[in-house]
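Top to bottom, those sequences are chains F and Y.
Residue numbers for the first sequence follow the working numbering, beginning at 1 and rising by one.
Residue numbers for the second sequence follow the working numbering, beginning at 1 and rising by one.
Keep in mind that the hints are not guaranteed to be accurate.
Same chains, same names: a pair is fine if it fits in one copy or spans any two.
As the list claims (entries may be wrong) - Capping the alpha-carbon separation at 30 Å, the derived lysine-lysine pairs in DSBU-like fashion look like this:
{"#": "1", "residue 1": "187", "residue 2": "119"}
{"#": "2", "residue 1": "88", "residue 2": "155"}
{"#": "3", "residue 1": "173", "residue 2": "155"}
{"#": "4", "residue 1": "3", "residue 2": "104"}
{"#": "5", "residue 1": "25", "residue 2": "52"}
{"#": "6", "residue 1": "183", "residue 2": "155"}
{"#": "7", "residue 1": "155", "residue 2": "3"}
{"#": "8", "residue 1": "104", "residue 2": "25"}
{"#": "9", "residue 1": "3", "residue 2": "25"}
{"#": "10", "residue 1": "177", "residue 2": "144"}
{"#": "11", "residue 1": "78", "residue 2": "155"}
{"#": "12", "residue 1": "127", "residue 2": "52"}
{"#": "13", "residue 1": "78", "residue 2": "173"}
{"#": "14", "residue 1": "144", "residue 2": "173"}
In case anyone wonders, no lab produced these hints; they're calculated from the structure.
There are 2 protein chains.
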Amino acid sequence: MGKVATGTNVFINPMPIVLVGVREKSKANFITVGWVTRVNTNPPMVAVSISKSHYTAELIREARTFSINVPGADMADKVDYCGLVSGKDVDKSALFDVFFGTLKTAPMISECPLCLECKLVDTLPMKTNYLFIGEIAGAFTEEKYLTDGLPDPEKINPLVLTMPDTSYRTLGKPAGKAWSDGKKLMKK
Amino acid sequence: MGKVATGTNVFINPMPIVLVGVREKSKANFITVGWVTRVNTNPPMVAVSISKSHYTAELIREARTFSINVPGADMADKVDYCGLVSGKDVDKSALFDVFFGTLKTAPMISECPLCLECKLVDTLPMKTNYLFIGEIAGAFTEEKYLTDGLPDPEKINPLVLTMPDTSYRTLGKPAGKAWSDGKKLMKK
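For reference, chain F alone in the conformation it holds in the complex:
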């Protein structure tokens, strides 16, 4: 079999890269996050893991709303910057044009092709991180990112992160069709 044990602190590559927005008094703060996933189908819910040491973790616990903003690949510099500096030291609110949705309290980023405003429904304290569970209360995009009325991943052109090579990457080319390619293995 040839398997070898490796360190357990491994990554599940690639990670979708988003900017998490949260209100900081009258301003907005944003942090770059790669540990994010949908977690419930209906109602639509997401989970975001953020280190307890990050200012954003503190802010989400206070604000109880947050946003998930999917940046386009052309925003890589600002995306990376938001992960390099803390809102404790630097005001990141002027980096982007900010707008609000129905929750009124979760700052979203106009420049991002897809923005979700979320209501905090649960917080799981873990050893080094908080896992924030949010219900998607509103989703915003632009006509130019839609195909047949739905946000189109190729038009959005999102960024992913791979580790340990610390590479941002764009979407790769289609390599198969889900809910389809496996049918050839089904017994007749």
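Given the coordinates of chain F, work out where chain Y should sit on it, guided by the hints.
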């Protein structure tokens, strides 16, 4: 600003595609999952969301261990098949060569470049899904997937899924450097 509201049941693209393995009596069962992420740095933990209607959800609750197997892009047909048929109806144990790690109870897939065995530490029941939180107890790869002693995403060649176009995709090309590109925006 030009933002338009869209349905809230949106996807965070792309999703890393893994095969979740779990013991089913003396056999192994596998299901394709795209809602998966790391959630804690130390100890290394993962979260996997699985619909309550899936047989795997039931099995993980019983077994209290599971595996996360990262398939290579050349495994797309089998990966898709595991998402199309239920272990209730079809025996998926013979699809792959199965091995076990230190937990002895979490079946892993030899053909997958990267395999994690996980101990269930928490189960969050949500409306339609269970969120399973697992601690990574062991990680296995092969020498040929390592660069400088660590699993290399380009050698692993993982699959991602984008929605709503139901496309499996491979990794895109590097488009920037994380913890680096943003430095040019830092104030001197």
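Which numbered hints turn out to be false for this structure? 1, 2
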